[in-house]
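S.K.: Chain residues, written in single-letter form:
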Amino acid sequence: MRKTLLLIIFLSFIKLLNSQNYSISGFMKDAETGEELLYANVFAEGTTLGANTNLYGFYSLTLPQGNYTIIYSFIGYEPVKFDINLTQNITKDIELTTSGIQLDEVQITARKENDNVTNTEVSVVTLDVLETRKIPVLLGEQDILKTLQLLPGISASSEGGSGFFVRGGNADQNLILLDEAPVYNASHLLGFFSVFNGDAIKDVKLYKGGIPAQYGGRASSVMDVRMKNGNLKSWGATGGLGLISSRMTIEGPIKKDNGSIMVSGRRTYLDIVAGLVDPDFKEIDLYFYDLNLKANYKIGDKDRIYISGYLGRDAFGFSERNFGFDWGNKTFTTRWNHVFNNKLFSNTSLIYSDFDYGFKVQANGLNIDLDAGIYDYNLKQNYTYFLNPKNTIDFGWNGIYHQFKPTVFSFDETAADAAQEQYSIEGGFYASNTQKINDRLTLNYGLRLSTYSNVGPYIERSYNEQDEIISEEIHENGDIYNNNFNLEPRFSATYLLDNNSSVKASYNRNTQYLHLLSNSTSGTPTDMWISSSNYVKPTIADQVAIGYFRNFNNNNYKFSFETYYKSMIDIPDYEDGAETFGNANIESEIVIGRGRSYGIEFLLEKQKGKFTGWMSYTLSKVERQYNEINNGNWFSARQDRTHDISLVGIYQISPKISLSVTWVYNTGDAVTFPTGKYFIDGGLVNLYSERNANRMPAYHRLDLGLNWVLNDSDKFYNDLNFSVYNAYNRKNAYTISFDQNEAGETQATRLALFGIVPSVTWNFKF
Amino acid sequence: MNKIKYIILSIVSLFIFSSCEDVIVLDLDYTQPKVVIEAYVNAGTNEAHVILSQSNGFYDTSEPQYLKGAKIILENQNGENYNLLEVSNGQYFADNITFQSQDTFNITVNYNDVEYVASSEVPSEVEIDSIKVNITEPPFGNQDAFAHLTAIWIDPGEHTNYYRVRPYQNDTLLTQVYNLENDELNNGKEFNSGIRERFLLGNEIKIELLSVDENYYDYFVHISEVVGNGFNSSSPYNPKGNFNNNALGYFGIYYSTFKTIQL
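Chain order of the listed sequences is A and B.
Heads up: the first sequence is residues 60 to 825, going by the numbering used here.
Heads up: the second sequence is residues 40 to 302, going by the numbering used here.
Keep in mind that the hints were calculated from the coordinates and are not lab data.
Check each hint, because a few of them may be wrong.
Some chain A residues judged to face chain B by a derived CB distance under 8 angstroms, without partners named [unchecked claim]:
hint, residue
1, D362
2, G727
3, F738
4, I739
5, G742
6, V744
7, Y747
8, Q806
9, R809
Simulated crosslink set (EDC-like; lysine to aspartate or glutamate; CA at most 16 angstroms straight-line) [to be verified]:
hint, chain 1, residue 1, chain 2, residue 2
10, A, K790, B, E60
11, A, K790, B, D61
12, B, K298, A, E634
13, B, K107, B, D152
14, A, K464, A, E480
15, B, K171, B, E247
16, B, K171, A, E524
17, B, K110, A, E749
18, B, K279, A, E480
19, B, K73, A, E749
Take a look, some chain A residues computed to stay more than 10 angstroms from chain B by CB distance [as the list claims (entries may be wrong)]:
hint, residue
20, N144
21, L300
22, G324
23, D428
24, P465
25, S469
26, Q479
27, T734
28, Y737
29, F797
These figures come from a predicted structure and were not determined experimentally.
All C-beta atoms in this analysis are idealised placements derived from N, C-alpha and C, irrespective of residue type, glycine included.
Let the hints inform the model, and build the full structure from the sequences given.
M.R.: Shown next, in the form of structure tokens:
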């Protein structure tokens, strides 16, 4: 309370000093669809004074009294100019029309041509969802997560997988937000597809470092995904037919220019096709589906309400045999944007989000059920205060109530002994300022206070080295205990060397209170989220990064170089031989360790002309240390891929046909292989090396794509997309297993999951 | 869980037509052989056995490399000593071992002037009661019917008990199946332990129930985890038994009873 008061006094004081200034503010939108433009640019011609729209498309530019030419611009759109005589505060909503040149470009890092050089963001990637379409992918299922994996510092968790590691972090250290709601399991079908249906997505931004103070809760990265609002002007539909799935999106105005709605769905038919191929698979259910829904409505000039939801589910089972397994995410977000005045903008969100899985089987007449999940209730408020052209202040808070439901077996609806449910409250309070010190130097500095408390009822146990319970402490319903407070400083700076080059630096500390424990390397839906507790401490990560950014040839080529060092403490993992499934005392199976990673990243992009694309290279080291593993020595984490290269090229042969090529290479994962063998009770047992002392074979793959626009008129657009995954049929090892052949010799067997995979997708829009 | 993953993967790969498995040769640097000690006392027959061997390189022969010339002494808690004699290559043996229930034994294996020591406690005597047979029709056509077997016995109430069930098909021990049980949830009750193996009809099956001590149980729980192959992709490790000085293997004490059926 006192902090807020101080802040208000501070703000009003600064305001007094600037009282002869006026501001121009409003929303920037796409003229055709009415979608807000995020991070778009507005500036006064002939000055260096400018501003960007925020996450909701709102901008505010404060200038001294006078005459100005204001220019609004956004990449891919025609800039708009107009003259004003600024003698009072002005509210002005602006609509920009697309420039039509957009189709020739693959835009991955910036919104203004030299934005990558000038903005204060370090280690940030934005993706233009439309452009990801041209990149060839597995089975033609376009996927923003897979495109992100082609950029430096972001790597796939496994072949064809949508899980990812950022700068040596673990897969659970990425905060994945869909319209502000955390998504706990962002993949379908064992990770081969992500939950993000490209048709429903408007904007994706991934922070590898320099994470702004408004985000908290995960140690390594933030991926902020925004759904489309829906067309405010007219009704339309987009969709596609693919080999394994189809999708359809309908959007349009509820009331023209005032409110719109968007509904998008996708479903696979893998099981149906599999049944046709082999009759044995006829009785199997195997599918996933996604539903995205979003609606918004403007109430007066100052308020706007958004409702958005996501529902996705995977299912697998034999319906006739009463066996089934299903899992999925749900998110629901209600948001209220309010413009207090020309300078103060607020957003209030009420968010629900869950991930759960269930399993049922009938055995010997007994119905066995299993359930587990995580459920979140989240309230948050963000404010943007456009103080003056030199300072933009963001502040806000949020509170999340988490409910963790561990794996519970029940037999004929009688629950078996299981781990206890856990409850907790996670809070965050933050303030940050983006300050333009002079024409060359811009700073962004902020502080986040994160809090975490466990909530009863819960029986807190402690264990000895044999994992036996030595004491119990009982917390009653509603008791709040294990209170954690962590201050997380966030800082980034940009120094312009000239118009085309800059040096940037950042530091951030992040605290993570929820942990995903996984006993497998590729991740399964049964991996369990657990809460920090007396025993499992929150993970704290510190990262510094320095980068050099330079554009050549009239911003046609962009080059960046970044180097980083990240150190993490209190990373939980399962101990060797942990009993995880349905274990009532799961905490006794956990060990706590440290991590460090460092590396350099290069990115060279070509963004104009018939040939576009990029080259990315990462050289890095990722290590972990646990007292209980490997005699306490540091060892390579699985995702320690020393070299990681991606090449992406798109060639526009004619206005209707484009060709694309991607090639990826990375050092094989660090894994534990047997080096010897011995015999116990007549059976062969492998003798393993130190933890992760071996390497999988290097991974590389070439993909080809062809996009052919069949028809492109105002009324109807459709194209065909052909892709060939793994064009030279490289046998990349998905797993290597060690067993005995019929002659009794031990051997290593490689499973290559995908050979050459051609596919075709038909996309339409009307 | 791994089975489910396997089925999903097979469907995905079936659809894609392109997954493949092949044998590859890896460059695995094998450094030092390790001593492996399998030591157990069969409390029912009052016999002690030790099998002493060392590990092989992964691409070496799949025959155990037995170690000769070790000096092995078993001692009970009253200080009575038994010398195990080498009866054949790497096999050591002693009989007429005496003890009381819940006694502790120590074993000392001296090989090449290195001493390996472990201790273990005599478990409760438990007998197998019966075997239940369940014939299952296969999920997809063109496969043979198979049987699932359940071993049944009564757990004594007073202590924590640990069990291992060993199936033999036509007198051959099925070595890749580990059925391990403890009575944490079942103390003093009837046990129905489903055996994780499909038995084809027409075979003679022997089911052996071992009432084992905790060390034996813990060791085999870890062994069963690391021998699970293929899709069991958690980080593998070398199970530590109760011997010191980095010896692989275990020292355990058990009672053994069995039942035989013709399927």
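S.K.: If a hint holds in the structure, say so; if it does not, say that too.
M.R.: Hint check:
1. D362: Violated: closest Cβ of chain B sits about 47 angstroms from D362 of chain A, beyond 8 angstroms.
2. G727: With a minimum Cβ separation of about 11 angstroms from chain B (threshold 8 angstroms), the hint on G727 of chain A is violated.
3. F738: Cβ of F738 of chain A sits 5 angstroms from chain B, so the hint holds.
4. I739: Constraint on I739 of chain A satisfied, holds at 6 angstroms.
5. G742: Hint on G742 of chain A: holds, closest Cβ of chain B at ~3 angstroms, below 8 angstroms.
6. V744: 6 angstroms, holds
7. Y747: 5 angstroms, holds
8. Q806: 5 angstroms, holds
9. R809: 5 angstroms, holds
10. A:K790 / B:E60: With a Cα-Cα distance of about 9 angstroms, the restraint between K790 of chain A and E60 of chain B holds, given a limit of 16 angstroms.
11. A:K790 / B:D61: 9 angstroms, holds
12. B:K298 / A:E634: This hinted pair is violated, its Cα atoms lying about 37 angstroms apart.
13. B:K107 / B:D152: The given pair, whose Cα atoms are some 13 angstroms apart, holds under the 16 angstroms limit.
14. A:K464 / A:E480: 5 angstroms, holds
15. B:K171 / B:E247: 14 angstroms, holds
16. B:K171 / A:E524: Distance of about 39 angstroms is beyond 16 angstroms: violated.
17. B:K110 / A:E749: Not satisfied, since the Cα-Cα distance of roughly 31 angstroms exceeds 16 angstroms.
18. B:K279 / A:E480: 33 angstroms, violated
19. B:K73 / A:E749: The given pair, whose Cα atoms are some 14 angstroms apart, holds under the 16 angstroms limit.
20. N144: Given a closest Cβ separation of 65 angstroms, the condition holds.
21. L300: 17 angstroms, holds
22. G324: 22 angstroms, holds
23. D428: 15 angstroms, holds
24. P465: About 15 angstroms separates P465 of chain A from the closest Cβ of chain B, which puts it past 10 angstroms; holds.
25. S469: 14 angstroms, holds
26. Q479: 16 angstroms, holds
27. T734: T734 of chain A is in fact no farther than 10 angstroms from some Cβ atom of chain B, at 4 angstroms.
28. Y737: Y737 of chain A not clear of chain B: closest Cβ-Cβ about 4 angstroms, inside 10 angstroms.
29. F797: 7 angstroms, violated
Figure legend: structure checked against the earlier numbered hints; hints not met, in rising order: 1, 2, 12, 16, 17, 18, 27, 28 and 29.
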